[in-house]
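Next come the chains, spelled out residue by residue.
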Amino acid sequence: MGTASDIKLIDEKGIRIDGRSLSELRPIKIETDVLERADGSAYIEWGGNKIMVAVYGPREAYPKHTQDIDKAVIKARYNMAAFSVDERKRPGPDRRSVEISKVISEALQCAIIVEQFPRAQIDVYIEVLQADAGTRIAGLTAASVAVAAAGIPMRDLVVGCTAGKVDGKIVLDLGKEEDNFGQADLPMGILAKSGKIVLMQMDGDLTAEEFDEATTMIYDATKRINDIQREALAGKYRALAMERGGE
Amino acid sequence: MGTASDIKLIDEKGIRIDGRSLSELRPIKIETDVLERADGSAYIEWGGNKIMVAVYGPREAYPKHTQDIDKAVIKARYNMAAFSVDERKRPGPDRRSVEISKVISEALQCAIIVEQFPRAQIDVYIEVLQADAGTRIAGLTAASVAVAAAGIPMRDLVVGCTAGKVDGKIVLDLGKEEDNFGQADLPMGILAKSGKIVLMQMDGDLTAEEFDEATTMIYDATKRINDIQREALAGKYRALAMERGGE
Amino acid sequence: MGTASDIKLIDEKGIRIDGRSLSELRPIKIETDVLERADGSAYIEWGGNKIMVAVYGPREAYPKHTQDIDKAVIKARYNMAAFSVDERKRPGPDRRSVEISKVISEALQCAIIVEQFPRAQIDVYIEVLQADAGTRIAGLTAASVAVAAAGIPMRDLVVGCTAGKVDGKIVLDLGKEEDNFGQADLPMGILAKSGKIVLMQMDGDLTAEEFDEATTMIYDATKRINDIQREALAGKYRALAMERGGE
Amino acid sequence: MPRDEAGILSEIKRDYILNKLKEGKRGDGRLTTEFREISIQQNYVPRAAGSAVVKLGKTKVIAGVKIESGEPFPDTPNLGVLTTNVELLPMAFPTFEAGPPNENSIEIARVVDRGIRESKMIDLENLVIEAGKKVWIVFVDINILDYDGNLIDACTLAVLSALKSAIVPGSKEGGKDFMLPIRNLPVSVTMVKIGDNILCDPDLEEEQLSSARITVSTTEDGHLRAMQKGDSGFFTIEDVRKAIKMSSDMGKQIREKYFQ
Amino acid sequence: MPRDEAGILSEIKRDYILNKLKEGKRGDGRLTTEFREISIQQNYVPRAAGSAVVKLGKTKVIAGVKIESGEPFPDTPNLGVLTTNVELLPMAFPTFEAGPPNENSIEIARVVDRGIRESKMIDLENLVIEAGKKVWIVFVDINILDYDGNLIDACTLAVLSALKSAIVPGSKEGGKDFMLPIRNLPVSVTMVKIGDNILCDPDLEEEQLSSARITVSTTEDGHLRAMQKGDSGFFTIEDVRKAIKMSSDMGKQIREKYFQ
Amino acid sequence: MPRDEAGILSEIKRDYILNKLKEGKRGDGRLTTEFREISIQQNYVPRAAGSAVVKLGKTKVIAGVKIESGEPFPDTPNLGVLTTNVELLPMAFPTFEAGPPNENSIEIARVVDRGIRESKMIDLENLVIEAGKKVWIVFVDINILDYDGNLIDACTLAVLSALKSAIVPGSKEGGKDFMLPIRNLPVSVTMVKIGDNILCDPDLEEEQLSSARITVSTTEDGHLRAMQKGDSGFFTIEDVRKAIKMSSDMGKQIREKYFQ
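Chains as they are written, first to last, in our numbering: chain W, 1036 to 1282; chain E, 1036 to 1282; chain A, 1036 to 1282; chain G, 76 to 335; chain U, 76 to 335; chain V, 76 to 335.
Be aware that one or more of the hints could be misleading.
[To be verified] Distance ranges between label pairs, derived from CB positions:
1) A:Arg1130 x V:Lys133: 27 to 37 Å
2) A:Glu1150 x E:Pro1098: 30 to 40 Å
3) U:Glu172 x W:Arg1130: 10 to 20 Å
4) U:Pro149 x A:Asp1046: 48 to 58 Å
5) E:Arg1131 x U:Lys133: 50 to 60 Å
Honestly, the hints are just simulated from the structure, not real lab data.
All C-beta atoms, glycine included, are put in the ideal place defined by N, C-alpha and C.
Put together the whole structure using the sequences plus the hints.
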């Protein structure tokens, strides 16, 4: 976690620097089918994050030696646009992106019914156009919607959410300053219905009790985020139904 | 185009800084069969440019996925020697070389009867040993001769030539200072007999009228350059004939 | 060879800076079977050098175009740990490592009965954990033992050894200061029984007479080093015999 | 440029487009001189100095501008620096692959850059912080999100929009923030040749059917600032003159409609 | 993580391990909360500022520390710098390949680094030579020599040992050499899930049988400093709580046994 | 080194050469101690500080020297810098590929460099502009244009010729231009072993037939400055002594004929 700082991030009334309460999410907006060429796509705005996701596949895994005879391989690629962060980022993957791509791939692998597509790969391209803390969980949340929008069968949607510790308090969905100057960060990916944990990372300083408090807060938020995911997908199917109705 | 400058590049009599008239080419010399190993080769001196070209092929395209079932693929590689320019150039392709390789490949693709060699590739290696403005069109001019010298059937030879604007006047075949301090640069590749344009790039500032003037100048020079190309190839065939005669 | 220096490396009694006589080796210790996963392994301490070697193979050469239909291909990879030298070395091969890997591969190719394994490759990984002058010949000496320990049939063990010129005198097995401030360095790889030379490099300044003196010294040391190699392997087989005896 | 998923356009589609062209019409009903619908969303990424998302038909690109202080090039000590980069994101097309720029993305970036640079659109003289030592570097990064033909023009439009609203963070160097100084508006028009027809703003199918491509960039004064012929076919000199005229006309229309 | 040579564990071996687990036992007789034998050789490479070879069962790794002066990061001008790199040497396993770090070695390095960094083990504030200009850079390089499972914990142990004895070469910058200032001892404990069992310190066979991996790093105060879930399976929240408890217990034992 | 196009020399050719060798003759009629024809064109690239094209039989290489100011190495603050690079251009041979240096080009560059460096040919002490801060860097770049065996000697000859006429651009650093200070002339002689024969200056066919290669570089005083054994065969100590003698003799002849 970030550097110590004198900035007060939570006031005496428990109001955070951006006006939120401790367990309040930033505004989230999800759209599907935002791209023409991809097999499935989604766009998410989560706070100041703006992230586009495209899904291609299932298609034959390439190169051949990456094929799994039992199931599809999920290849997620998390990438930040050069202009998405404060200082221009050089294009191409850095070590952080490689790690995030790996944990997101693993999280999706658990949610998708990969056994239906032996020898196939499913590519999930996550492009961060503007970054504002929590890109990995916002990207995962959108990726899950994009996979569903591609018509790929899933066990469950994956919901991404973060909790953390700021000024000694457990808070939901860290904002940028909270991420920079907070004391702990706990991003999680959770299967919406079953509550199974498919992504978890943590850094900073938490007691076991604080961990429990943070996860309770995340599970609680999971339902709200999943509603937004399902609404986005419902919109897609309503639109499809109307098209058909119009035929 | 280059930086503004106070250097006077054309005097009141219309004489250019290197003593040429407006529509005069620099001296050009072409030789064929300068390399032993290649299937065809050519060497060109054009002003201070010294460029060697080797051709290998047609041979099976590799890797396989680059094969075209209908025709040969032309892979030109334009490369500058580390010592060819004023400041030492690090070996390996930079963005400029990649672009030039692409437009030269495309120009040759149009001139060679590629339909005769499905699944094949023809490699054209253009090595700039000394650069002195106009390397791409000099390289293209020599490449065309090297392909012919390799006995590969062509629709037509490609002639490369440049015109540009210097001190407000349209001139043929920019020299180094003219290239650095001129106002426009128009390199072209033209099929000698048909006049078809197979390479064209331009940068700087030209009106439509100036463009017409420049292209007229280039077409005019095309004949002269093509004569030098054909003379070089004739030399080769004369030499061959003499060899045969001697048998 | 290194930079000139005022340091006196040999005193008037012919004693070297680390107390050795002119033809004295540094202490050498070799162990086999130091790794679990490899097909064969060895560890050598030679002066301050600490080097680990693992052998994998013979296994099918990959990629396929590297296969030799007549024999196994030896792929040695000499690599220095980032912390093995005074200033931290960036991980990955530099030009020096590439060259050393090549000459070691060639030396081993001559010692191994490669004809028995057409289309195969034998990988020899040489990891320098601490470097102290003479890493290539110490690595080669250990590599040869590791190959034998892997049960791969060999014509002969390869012994590596260096001689050099220091303060105008020919000395055996250069130490670090001698390597840095000496006048010549002659690393050799010799087949123990036949005396054939399978690796030789030299830099510095030697007369033909000095070369003879140096090689005589090396051949003489070869026997001593080979004894240490054979002792290490005998230890292995004694251990194996004891295991069997215990069954 | 890559072909479609199958690598080839279906016979039927091909015949349909070619037959239409005989009647002077295009597959989607456009005139040969007509662009697809253009939509521009400026300031899409507030965190960037300037940005824009452009849709050109079904092609979609985003350009972002970052402006940071740095060293000038040794041979132009009194000029700011412009660098242009294009990423063909694998998101945009089934056969695009992640990785360093290839010859296609490099060509697009260089042609777009040339139009901007040669028109002297950005007043680089006014981007010097300390002569010879410190200047403003304008990083233009363009990401292709969805590919349906004519990337060069889509990218140029996105860059124009992004640069027009870009702010130089002068306050970071002890001055004030100021609008990036813009002088000209170079518009690129890309055309392809199919048979003897010259069509502007080709979509993917038209690119696949075409033999050659030409891009012409012009400024308000109607002058040519950059040109690039692409692909392995040819143009006659008459074709090129026609293309120049078309670019000049369409460039004017686009400038009036989207950049006033 | 790579599978074994054949890419799969034999049926027989698999059944044996799974059956044993039903009885609450592991293939090699360990308890689910038990580590394999640990051996630590400190100062293995005297030429390094600090170093250690660690054997964890048949897994063997070496960590070396180099400390050199250099520039601080612009956003932390008053802190020394820590960088951690892991090399999966081809020596260590038949399918490891030489080359730049891949996603596996990057993940290991980042998880190990996070444990060290977030525990504030190294007192980076005391590694400043000249504020904003020159600080000590602590290079931690870890080479995997022999791979038989649980690299993260083996690497963490090696790094702890190497750092604990590391010397900062202050004399090169006009001061005195001094011990690297160490404050905390973060111990990582890695566990895998096989069926419903949570096993700590998995060997290679257990890694191959497991569905998911979790690493929890704790400090002396029992606080969590870093966690990482890996692999494509899942954990329930109860699993994670169990893992946290196990890490806290085992971390304490390891700290007492090896780092007092 | 690569084999010929087919990867193997024809049986017939092989037998012919081997039979000739039994009579003490080579395929092209040379003595075992004889070089092919050497032609040197100095100052081929006037834009370089020094340059030369060398033909050695059908092998053709070009060396160019650039001399620029830059920083010395930290451990040799009072010496200029020499760097040597070899490019096996794809132009030169059907199987050469474009790309970063491979083990073959690196070995050639390092052996050539070692001969130059160890002979102290260039007086690096006199290439200091400001001690510890600024020195002249001598960039030697060698491009292989046509490959028919014995690249090491062809490259060495080209480098010698290029360096001998090279001019240091002192005027760029406030002084005067001056000839690169040269002290010695190290000549490399490369030999191969075919059967029991040692042949100098092998052509491609002889390289393909040979079991091992040896290069010996000597200076005017007859001293050895650099040696390199290559390929997977062996030499006896008598072979090496013979090779040293041959190198010394031929080196003297070459020095007299081409560098007086």
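Verification of the hints:
Between A:Arg1130 and V:Lys133 the C-beta distance comes to about 28 Å, which sits within the given range of 27 to 37 Å. Distance hint for A:Glu1150 and E:Pro1098: a CB-CB separation of about 31 Å, consistent with the stated range 30 to 40 Å. The hinted window of 10 to 20 Å between U:Glu172 and W:Arg1130 holds, with their beta carbons roughly 18 Å apart. Checking the proposed 48 to 58 Å range against U:Pro149 and A:Asp1046 shows it holds: the Cβ atoms sit about 52 Å from each other.
For the pair E:Arg1131 and U:Lys133, the supplied restraint of 50 to 60 Å holds, since their beta-carbon distance comes to about 53 Å.
This entry satisfies every hint, going by the numbered hints stated previously.
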